[in-house]
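Engineer: The chain contents come next:
2 protein chains.
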Amino acid sequence: MVTVKSLQARYSEYHQQQQFNQEPQHLYAPVNYILGLGGKRLRPVMLLMACNIFREEIDAALPAAFAVEIFHNFTLLHDDIMDDAPLRRGHQTVHTLYDVNTGILSGDVMLIYAYQYLGQVAYAQPQRLLEIFNAVAIGVCEGQQFDMDFENQSTVSIEAYINMIRLKTAVLLAGGMQMGALIGGASATEAQHIYDFGLNVGIAFQLQDDILDTFGDPAKFGKKVGGDIVQNKKTYLVLKALELADSATAAELNSLMNTPTTDEAAKIAMVKNLFNQLQVREAAEVVQNDYLQRAHAALDALNVTPDRLSNLRQLADQLMGREV
Amino acid sequence: MVTVKSLQARYSEYHQQQQFNQEPQHLYAPVNYILGLGGKRLRPVMLLMACNIFREEIDAALPAAFAVEIFHNFTLLHDDIMDDAPLRRGHQTVHTLYDVNTGILSGDVMLIYAYQYLGQVAYAQPQRLLEIFNAVAIGVCEGQQFDMDFENQSTVSIEAYINMIRLKTAVLLAGGMQMGALIGGASATEAQHIYDFGLNVGIAFQLQDDILDTFGDPAKFGKKVGGDIVQNKKTYLVLKALELADSATAAELNSLMNTPTTDEAAKIAMVKNLFNQLQVREAAEVVQNDYLQRAHAALDALNVTPDRLSNLRQLADQLMGREV
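Chains as they are written, first to last, in numbering that gives the first Met the number 0: chain C, 0 to 323; chain P, 0 to 323.
Simulated from the structure, these hints should not be mistaken for laboratory data.
A couple of the hints might just be wrong.
As the list claims (entries may be wrong) - These stretches of chain P come out as covered by chain C in the derived footprint (C-beta under 8 Å, 3 or more residues):
1) 16 to 27
2) 105 to 112
3) 144 to 150
As the structure is a prediction and not an experimental result, all values here were calculated from the model.
All residues carry an ideal CB built from backbone N, CA and C; glycine is no exception.
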């Protein structure tokens, strides 16, 4: 069993070796730029962890891990254009540093390279990997569209919201881990349990992100605390609050979200106050914990010795406990 | 041997059956829209023709033909955003009818579906098809970047220009036909000859497009004649003119291209006049014909009865003779 630290180091080394130094430079410089910005690299590392459950030697899964990471960075690049975001991981976004056209085209070629790396994986059923990856990639686009649609909808059901984060965030983690498991020699059924683990962890992880964006410790949270409230994002907290509130309180929350204000701090405080009254943080944590339990249950179904799952279980718990 | 008309009809039928009616509608409506705009569908039909050289039954190649067509339409969609083009095939472009974000994301999902259809092809070596398709798709992005780079370069060599149109236009035709040949049962060597045919036809076809944009019959040419001149595009005609011109004439042409004017007709007439003096149309036709001959020579290398190649040879000649 390889330690998480070793997996991270092995992935980092491989990642850094993938340099796009070919011509035209204007196409590939932004690719090197965004891939060099760092980030947690959670998706490729969890893919390798899934592989490592079934096989000691994880090198065969490295191109798949990179495929997942370059795909993830492609989505960040195009999402940043759509949101006109100035910063990514504390640095200028690609379309800000270069321009929008460069961002579109360099993103496109990254998506293609994801398939190119996937094609490099030595695995007996390459069609199966392609199938999983296609389903993931389509899901992520659909999730992004649902997310954009929600901005213009007056009401969003919690069910629709969970489906959106499932597509936008969780399927990539899930499908990546499923591919890792298969490359490691898992049966289709075993790989499906790994997928279920990734899917439920992914949903729990996004719920955690919603909670931290409002209730996180500013010193520890990477982004600005309260950002979702300022942007009037329909997060799980908002949707749950609207569900639990009486009509007067719901009207108050809707009014806060629909009225432009220059006093961001006051707005954050007022919305947080409503959230506290309605105990939506606690409600979100119950649901989050439920998804985390489902993730662990998916691992319980595997017929492997518990020690092979300890890394994964520990990481899942760590992800949920992070920086609250 | 299937007639070209039958191949076109079979492809059209298949194309129209591929409807994207799933949710979210805002993601897929633009996909149906652009795929419904028509166009010559040259790439999928030539892929099927390549298949048909080696096998009577071409149905196995239909998903690959659609993959090539949906990929081509993805590039048109994103290129139209980059050029901020208002019209495509006489209709509003996707980003004009919807918005830029929709154009980016719907284009992305089309690129993914190209791979999804490719994955549907029943072929013994799916990895080989993926490899060819990846090389094509990367080439097309590189070609588009070179094309954008040329706008900001004061000088472009004819060699660099030919390389750009090879990547931007020809490799998709070539790689598509290579996949069609392989699916039809061609050997790797035979499929390479088909690739060479497609590549040379593609380059000749783009040179023809350059010629027609300036010298075409306005009644027959689909786009506005003189458009390249108005947009100061560095076409083969311009680059050849600059190569052949003495320094005074070259300065005159550069001045015409670098000076804004409101009298488009006068500008077109003056540039055309320079082209006529320098006989660049004739020079372009010599080169174009050379590529066409190379295309035919690639077919000569195939060990099949001449009748199996007649459709392809005829279409190539027709493409060059179109509407001058």
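Engineer: Are the hints correct? Go through all of them and say.
Structural biologist: How the hints compare with the structure:
no.	hint	result
1	16 to 27	holds (count 4)
2	105 to 112	holds (count 6)
3	144 to 150	holds (count 4)
Of the numbered hints given earlier, the model fails none.
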